[in-house]
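Novice: Each chain, letter by letter, is given below.
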Amino acid sequence: MTIGVTVNGKLYQDECDSVSLLVLLRDHWRLLGTKNACAEGECGSCTVLLDGELVNACLVLAAQADGREVTTVEGLADGDRPNTVQQAFLDAGAVQCGFCTPGMVLAVSDLLRRTPDPTEAQARRELAGNLCRCTGYQHILDAVRLAAEREAGAR
Amino acid sequence: MRVLRPTDLPTALRWHAEHPVTPVMGGTDVLVALGSGRLRPATLLDLSLIPELRARRTDGNVVRIGAGLPYTEIAERLGDPLPGLASVARLVGSRQVRNRGTLGGSLGTAAPAADPHPMLLAAGASVELVSVRGTRRVPTERFYRSPGRTARDRDELIAAIRVPVATGPQWFVRAGIRRGMTKSICSCAIVLAGGRVSVALGGYGPVPVRATAAEEFLGAEPAGAARLDDDLVDEFGRLVAAAAEPVTDLHATAGYRRHAVAVLARRGLRAVWRRRCGEGPR
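Chains A and B, in that order, are what the protein sequence lines are. Using our numbering, you'd call the opening residue of the first sequence number 1 and step up by one each time. Using our numbering, you'd call the opening residue of the second sequence number 156 and step up by one each time.
Derived by calculation from the structure, the hints in this document are not laboratory data. Any given hint could be a false lead.
Just so you have them, the derived chain A footprint on chain B, three or more residues with Cβ under 8 Å [as the list claims (entries may be wrong)]:
hint, segment
1, 164-178
2, 182-194
3, 197-204
Predicted, not measured: the structure shown is a model, and the values here were computed from it. Backbone N, C-alpha and C define an ideal beta-carbon position, used for all residues, glycine too.
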């Protein structure tokens with residue numbers, strides 16, 4: 001069965017419907033911003049939005065993405081201009097090795113969409129599914145705060 | 156590997172009866188098993204396009220939850236009729252997993268440590284199983300058989316879970332190595348309804364169980380009611396811990412589990428009692 005997935009506004013097609021969405025994104029379509037680490041839903045490095053909902057791409061059956069919209073980290077910036085969350089990660093020094101960053105940025109964007117002014121406890125709870133093996137969590141939480149303040153200022 | 160994608164339940168049941176298939180809904184368990192090679196099916200039966208599996212409705216004093224309703228929806232929309240199950244749903248996995256994972260999936264996999272089992276047992280939930288042969292309801296007490304095995308026959312699908320609307324305090328806690336995104340070492344659910352305490356355990360023995368001896372020990376509401384006697388609470392914890400043979404695995408020893416579950420049970424009994432007496436939230 002041919003499946004079609006709109007990724008960051010562009011239609012991608014494939015014949016392979018029984019792999020994970022992550023395999024399609026990275027191995028078939030060469031969209032390498034989405035990372036692959038544990039491939040079992042523990043680490044969150046493959047986090048993407050599926051029809052606006054935060055998911056682990058490694059746990060989505062490719063066939064289930066047919067006809068749906070996916071946003072990956074490549075779809076966040078406006079050309080060369082990082083979005084608010086990306087800029088906050090840069091300014092807060094929340095990027096160390098960078099491997100968890102794409103998933104973190106998507107998870108934080110999703111958190112701020114639902115909860116514009118999260119407490120630190122809320123942010124920690126909501127980011128439980130995204131692991132940073134550099135253990136740079138404090139700077140990531142600083143970035144959440146910075147992004148929340150800037151988005152509140154822009155409203 | 157082939158993927159079949161029925162869009163209605165009768166078609167799914169026919170295909171399920173005719174072919175050996177592995178059902179998949181959110182994929183949070185199935186994709187892990189496929190990745191590790193534990194599961195090598197020739198055919199997957201994708202249930203995600205069947206609208207009735209995602210429905211939820213209240214029939215009198217029972218909430219019928221479609222097997223394919225994601226945990227996020229249970230957490231956000233069922234807190235009023237089912238406070239216990241909603242609180243469990245908020246603890247399952249991560250946000251990413253809760254957006255995809257379902258009760259039907261957890262019951263289909265029946266991993267002993269999965270979070271929802273103790274609350275389903277303590278709340279007196281039943282599982283609605285469907286096949287081309289018809290529909291039947293199995294109380295969760297008779298659903299779990301041995302690790303990973305359930306009362307579901309090979310041609311059956313889990314259509315829904317029926318959970319009685321809460322009439323009193325409900326409480327759930329799990330012990331794990333961290334607060335979020337953790338596998339429970341043991342967990343305990345306590346439900347107070349109709350003047351009786353129900354208590355069930357997960358991640359403790361080989362299968363999730365009700366601690367019936369502890370329930371019978373308390374019987375009807377302990378006399379005095381306003382305050383729980385310390386000896387009574389201790390004995391309750393001891394009986395809960397004796398409800399099953401604890402297991403030793405990578406995550407904890409049987410001895411630790413036996414200790415921890417008694418602590419959780421005592422804490423839980425005091426918590427539901429405080430709420431019953433009007434202190435704190437329901």
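Novice: Each of the hints needs a verdict: does it hold here or not?
Specialist: Each hint, compared with the structure:
| no. | hint | in the structure |
| --- | --- | --- |
| 1 | 164-178 | violated (count 0) |
| 2 | 182-194 | holds (count 7) |
| 3 | 197-204 | holds (count 3) |
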